[in-house]
Structure formats: C-alpha cells, structure tokens
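**Q** When you get a sec, could you build the whole thing from the sequences and use the hints?
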Amino acid sequence: MTEQVADIPARYYARMGEVLLRAGVDLFSVLEKVGIDPQLLAQPDAMLRIDQIEAFVMAALQVSGRQDLALDTGYALHITSHSSVGYAMLSSPTAGQGMRLLARYFRLVMPAFSIRYRHDAEHIELVFEPARLMSKACLMFHLEAIVAATYIALGDLLGEHLQAYDVFLSMPKPAHIARYAEMRHVRLHFMEWWTAPGIRMRFAPEIMDRRPVLADPDAFRRAEERCRMLAVNVLASGKVAGWVAMMLRESTDGIPTLTELAQTLNLSTRTLDRYLTMEQTSFRKLYHQVRHVRAKELLANSHLTVTQVAYELGYTDLANFTRAFRKQEGKSPAEYKHVARKNDRLTRLESMVTT
Numbered sequence: 001m002t003e004q005v006a007d008i009p010a011r012y013y014a015r016m017g018e019v020l021l022r023a024g025v026d027l028f029s030v031l032e033k034v035g036i037d038p039q040l041l042a043q044p045d046a047m048l049r050i051d052q053i054e055a056f057v058m059a060a061l062q063v064s065g066r067q068d069l070a071l072d073t074g075y076a077l078h079i080t081s082h083s084s085v086g087y088a089m090l091s092s093p094t095a096g097q098g099m100r101l102l103a104r105y106f107r108l109v110m111p112a113f114s115i116r117y118r119h120d121a122e123h124i125e126l127v128f129e130p131a132r133l134m135s136k137a138c139l140m141f142h143l144e145a146i147v148a149a150t151y152i153a154l155g156d157l158l159g160e161h162l163q164a165y166d167v168f169l170s171m172p173k174p175a176h177i178a179r180y181a182e183m184r185h186v187r188l189h190f191m192e193w194w195t196a197p198g199i200r201m202r203f204a205p206e207i208m209d210r211r212p213v214l215a216d217p218d219a220f221r222r223a224e225e226r227c228r229m230l231a232v233n234v235l236a237s238g239k240v241a242g243w244v245a246m247m248l249r250e251s252t253d254g255i256p257t258l259t260e261l262a263q264t265l266n267l268s269t270r271t272l273d274r275y276l277t278m279e280q281t282s283f284r285k286l287y288h289q290v291r292h293v294r295a296k297e298l299l300a301n302s303h304l305t306v307t308q309v310a311y312e313l314g315y316t317d318l319a320n321f322t323r324a325f326r327k328q329e330g331k332s333p334a335e336y337k338h339v340a341r342k343n344d345r346l347t348r349l350e351s352m353v354t355t
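Read left to right, the sequence shown gives residues 1 to 355 (UniProt numbering).
Hints are computed from structural coordinates only; laboratory data are not their basis. Please note that the accuracy of each hint is not assured.
Okay, derived cross-link-like pairs now, DSS-like style, lysine-lysine, Cα gap no bigger than 30 Å in a straight line [unchecked claim]: (1) K173 <-> K342; (2) K239 <-> K173; (3) K327 <-> K285; (4) K331 <-> K285; (5) K342 <-> K327.
FRET-style restraints, in silico, Cβ to Cβ [stated by the list, open to error]: (6) D317 <-> D120: 22 to 28 Å; (7) G24 <-> H292: 48 to 54 Å; (8) R274 <-> R228: 31 to 37 Å; (9) D317 <-> R66: 53 to 59 Å; (10) Q67 <-> K342: 54 to 60 Å; (11) R323 <-> R184: 34 to 40 Å; (12) T305 <-> R66: 47 to 53 Å; (13) R221 <-> K33: 43 to 49 Å; (14) A319 <-> G159: 47 to 53 Å; (15) L40 <-> S135: 19 to 25 Å.
We treat Cβ as the ideally placed atom computed from N, Cα and C, and that holds for glycine.
**A** Written out as structure tokens, the structure reads:
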C-alpha cells in the first residue's frame with residue numbers, strides 16, 4: 001500500500017477551524033481526537049494528508065451539527081487565501097488569463113481536486129473533479145466549499161462587473177438550500193443523476209475580456225513566474241508526473257514536447273524521463289492519456305466533426321484515431337459523440353427546469 005503524502009494545504013482547514021471556533025466548538029478537542037497538531041494549522045505552508053482531512057471534516061460535521069459548514073468555510077476563503085496563485089489571478093490583465101492560470105496551477109491550490117478550463121464560442125467552463133479517494137460526505141463538503149470559495153474569489157477578482165453564471169453540482173439539493181441565496185450571481189443546478197462527481201461552472205464568453213479590479217500586467221508576470229517556480233519544485237516532492245500531465249493538459253499553444261518540458265525544468269530529456277520512470281510512468285503514457293481526455297472533451301463539447309477532432313489531436317489518419325479511441329473507451333468516437341450530445345441535451349433541459 002502506498003504511503004500517503006502530506007501535500008494538501010492546511011490553510012483551508014484552518015479557516016474551517018475558525019468557523020468552528022465562532023460556532024462555540026472546542027476546536028482543540030476535535031483536533032486532538034483526529035490526531036492533528038493545532039500548531040500545524042497556524043503554519044502558512046503546512047500540509048495535511050487526505051486521511052487527516054477526511055477525519056477532520058467528518059469530526060467537524062458531527063461535533064458542530066451543521067450541514068452548511070462547507071459554505072461558511074468557502075465564504076471565509078478570499079482569493080488571497082490561495083497564496084501565489086491567488087495573487088497572480090488578482091493582478092491578471094483579464095479574467096480569462098486569470099482563469100487559465102488557475103487551471104494550470106490548480107495543483108498548488110488544492111491537489112485533492114483537478115480543474116479543467118474550456119473555452120468555445122458559446123461559453124467558458126471550469127470543471128472541478130476529485131483527484132483523491134474520499135467518502136461521499138467528505139466529497140459533498142468539498143464540492144460545496146469550492147462553489148462558495150469560487151464565488152468569493154470571482155467577487156474579489158471582478159467586483160461589480162461579475163455577471164450571473166451557472167453552477168452544476170453532482171449532488172442532490174441539500175437541506176440548507178436556502179443559504180445558497182446568498183450567492184447573488186449564481187444559478188444553481190443540482191444534478192443528482194450525474195455519473196461522475198464534480199462541479200461544472202459555465203460563464204458567458206464576455207467574461208474573458210473583463211479587466212480585474214487590481215489588474216497589473218507587471219505584477220502578473222512576477223506572480224506567474226513565482227507560480228512556475230513553485231510548480232518546478234515538484235521535483236523535490238517526487239510528483240513530476242502530475243506536473244507533466246498538468247502542462248500537457250493545460251497548454252494553450254499546442255501540446256508541449258518532452259524536450260520543451262525538460263527545458264522548463266532545466267533538465268535533460270533523459271533526466272526528466274528517469275524521474276517519470278521512478279514514478280512508474282512515461283511521457284508517452286501521459287501524452288496518450290491526456291490526448292484521450294482531450295478527445296472526449298472535443299467530441300462532447302465542440303461542433304467539430306470526428307474527422308476534425310482527429311486532425312486537431314495530431315492524427316493524420318482517421319482510422320488510427322478511431323482504433324486508439326475505441327481501445328481506451330470501448331466505443332468509437334462517433335458513438336461517444338452521440339451519447340455525450342444526448343447527455344448535454346438532458347443537462348440543458350434540467351437547467352431550464354431548475355432555473
């Protein structure tokens with residue numbers, strides 16, 4: 001069994017601790033019960049393991065008796081709570097650049113979840129999905145906290161220029177549904193029938209060019225460089241594969257090569273390949289995984305034909321694309337596209353019914 005690594009920022013759960021204290025809960029007793037040193041939460045760069053977080057969240061829900069604890073935890077997280085990534089977003093020249101930066105460096109914010117950024121002519125989407133195994137109750141807590149924290153961050157970023165947007169959650173309506181009325185710009189859709197847990201946030205494309213309240217191109221470049229250097233530090237923690245996958249997934253100017261990624265880390269391609277081998281993977285394996293995910297996104301969320309998707313992904317032969325896709329997905333690209341479009345129509349119908 002692989003030993004769990006403490007790599008999730010404790011600062012977010014320190015905010016939950018503050019919410020518990022304000023509610024009159026004996027926080028120190030709760031921390032003692034779950035085996036977390038109270039001094040750890042006071043350290044800005046402290047990290048927790050996922051099993052510690054699971055135990056803390058479950059104990060907090062039980063002791064406080066508050067099912068809306070996640071919302072207050074999320075409301076307590078302003079954009080500056082996200083360290084260098086938050087400051088980079090605040091100074092980004094446009095909201096679109098800030099969102100793309102968040103997607104590229106989300107592992108620095110919350111490694112327990114992954115985020116994908118999508119942009120087409122109709123809308124912009126941020127998709128949050130769990131990257132770690134956790135109980136249903138703990139997952140629901142995090143989904144609600146992410147929705148609330150993102151609402152606060154967007155308010156910090158755009159102020160009065162924030163426009164209404166849609167949020168789809170893969171969970172049933174909670175008993176405290178009335179509390180969501182506090183999110184003035186959010187149209188909520190609880191999608192209990194989803195098969196994959198997560199959150200989809202959908203924005204009008206005009207938000208891309210919105211200028212953040214504290215936009216500062218020079219400060220943005222410095223903060224972005226700081227984020228890049230922090231990401232490079234994954235070498236010290238043995239998580240090179242996650243960083244490579246992130247760069248492959250979020251690059252907007254074409255999928256980078258092994259040589260380009262090695263240059264970013266000031267390594268030789270051979271050394272980077274060796275790091276990946278130590279994590280029991282390879283650049284080729286990660287490349288194909290990311291390309292398959294990208295294929296599913298394009299088939300489900302774009303107006304491209306199957307042939308156009310194949311060429312977009314670098315295939316020179318449609319048959320090769322179909323064969324590779326069927327091998328991983330169990331169905332042809334055309335079959336996948338048909339099912340995905342059918343599900344999207346159901347989502348739109350559900351959106352109309354719940355609005």
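**Q** Please go over all the hints and tell whether each is borne out by the structure.
**A** Do the hints match the structure? See the list:
no.	hint	result
1	K173 <-> K342	holds, 24 Å
2	K239 <-> K173	violated, 36 Å
3	K327 <-> K285	holds, 14 Å
4	K331 <-> K285	holds, 20 Å
5	K342 <-> K327	holds, 22 Å
6	D317 <-> D120: 22 to 28 Å	holds, 26 Å
7	G24 <-> H292: 48 to 54 Å	holds, 50 Å
8	R274 <-> R228: 31 to 37 Å	violated, 22 Å
9	D317 <-> R66: 53 to 59 Å	holds, 57 Å
10	Q67 <-> K342: 54 to 60 Å	violated, 34 Å
11	R323 <-> R184: 34 to 40 Å	violated, 50 Å
12	T305 <-> R66: 47 to 53 Å	holds, 50 Å
13	R221 <-> K33: 43 to 49 Å	holds, 46 Å
14	A319 <-> G159: 47 to 53 Å	holds, 52 Å
15	L40 <-> S135: 19 to 25 Å	holds, 22 Å
Hints 2, 8, 10, 11 from the list above are not met by this structure, while the remaining hints are.
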